[in-house]
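S.K.: Chain by chain, the residues:
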Amino acid sequence: EAGVTQFPSHSVIEKGQTVTLRCDPISGHDNLYWYRRVMGKEIKFLLHFVKESKQDESGMPNNRFLAERTGGTYSTLKVQPAELEDSGVYFCASSHRQASGMAQYFGPGTRLTVT
Amino acid sequence: AQSVAQPEDQVNVAEGNPLTVKCTYSVSGNPYLFWYVQYPNRGLQFLLKYITGDNLVKGSYGFEAEFNKSQTSFHLKKPSALVSDSALYFCAVRDKPSNFGNEKLTFGTGTRLTIIP
Numbered sequence: 001e002a003g004v005t006q007f008p009s010h011s012v013i014e015k016g017q018t019v020t021l022r023c024d025p026i027s028g029h030d031n032l033y034w035y036r037r038v039m040g041k042e043i044k045f046l047l048h049f050v051k052e053s054k055q056d057e058s059g060m061p062n063n064r065f066l067a068e069r070t071g072g073t074y075s076t077l078k079v080q081p082a083e084l085e086d087s088g089v090y091f092c093a094s095s096h097r098q099a100s101g102m103a104q105y106f107g108p109g110t111r112l113t114v115t
Numbered sequence: 116a117q118s119v120a121q122p123e124d125q126v127n128v129a130e131g132n133p134l135t136v137k138c139t140y141s142v143s144g145n146p147y148l149f150w151y152v153q154y155p156n157r158g159l160q161f162l163l164k165y166i167t168g169d170n171l172v173k174g175s176y177g178f179e180a181e182f183n184k185s186q187t188s189f190h191l192k193k194p195s196a197l198v199s200d201s202a203l204y205f206c207a208v209r210d211k212p213s214n215f216g217n218e219k220l221t222f223g224t225g226t227r228l229t230i231i232p
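Chains as they are written, first to last, in the working numbering: chain C, 1 to 115; chain G, 116 to 232.
Accuracy of the hints is not assured; some may be wrong.
Derived DEER-like restraints, expressed as beta-carbon distance ranges [said to hold, decoys possible]:
1) G:S185 - C:G71: 23 to 31 Å
2) G:N183 - C:G16: 47 to 55 Å
3) G:K184 - C:G59: 22 to 30 Å
4) C:G16 - G:E179: 43 to 51 Å
5) C:E57 - G:T229: 49 to 57 Å
6) G:N127 - C:L66: 41 to 49 Å
7) C:P81 - G:G177: 30 to 38 Å
8) C:P61 - G:Y176: 47 to 55 Å
9) C:Y74 - G:K184: 36 to 44 Å
10) G:G168 - C:Y74: 21 to 29 Å
11) G:P122 - C:E85: 36 to 44 Å
12) C:S9 - G:P122: 43 to 51 Å
From the structure, some residues in chain G lie toward chain C, with a derived Cβ separation under 8 Å [said to hold, decoys possible]:
13) F149
14) Y154
15) R157
16) K164
17) F205
18) G223
19) T224
20) R227
21) I231
22) P232
Simulated from the structure, these hints should not be mistaken for laboratory data. These numbers come from a predicted model, not from an experiment. Just so it is clear, CB atoms sit at the ideal spot from N, CA and C, and this is done for glycine as well.
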């Protein structure tokens with residue numbers, strides 16, 4: 001079974017530009033999560049989809065961040081306009097909906113650098 | 116609010132020696148606890164979890180973790196370290212899931228484990 005995939009693996013953009021990150025979860029996983037790790041700090045939760053619906057977006061830093069999951073399959077996370085403090089590694093994770101206690105499976109992450 | 120503390124940024128262990136990576140947690144109810152490992156240029160890989168049952172949990176690559184409710188700890192251990200165990204280790208906690216099945220994970224800041232040949 002294929003794991004969680006993320007694209008791109010790296011992105012370097014200038015302040016003020018727009019970037020869109022993509023995540024493809026494991027097939028059949030209804031839960032999809034976005035997390036972010038700013039250099040040297042903990043990995044922080046951004047938001048949680050159940051299928052196409054946003055279940056919890058309490059971790060989204062501000063309205064420059066927009067996440068979508070049209071059709072309940074892959075998800076995108078858009079940052080517009082990007083700021084320097086948005087630099088970090090963005091992780092996507094997925095898990096099966098019905099299995100309470102199931103681990104979340106993470107993708108390799110997208111390293112975003114805003115200059 | 117739930118939280119996780121990993122008190123050591125860096126742990127160095129000689130190859131063949133036992134290793135421990137420390138984690139303490141705080142949650143309002145019963146915790147669901149996880150360890151993840153990140154190898155260089157790779158994503159987070161699930162190692163093991165504690166949900167309920169035996170306090171000693173066994174996971175991948177020979178790792179195990181001991182849940183201690185009175186000390187609110189979930190330390191990661193391995194009897195004999197390998198050089199290939201060198202990586203970044205994250206402890207995470209989750210509140211009891213809602214009816215939708217899964218909730219967000221709260222992570223510690225990570226511990227870099229270096230095994231010295």
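S.K.: Are there hints from earlier that the structure breaks, and if so, what are their numbers?
M.R.: 1, 5, 7, 8, 10, 11, 12, 14, 20, 21 and 22
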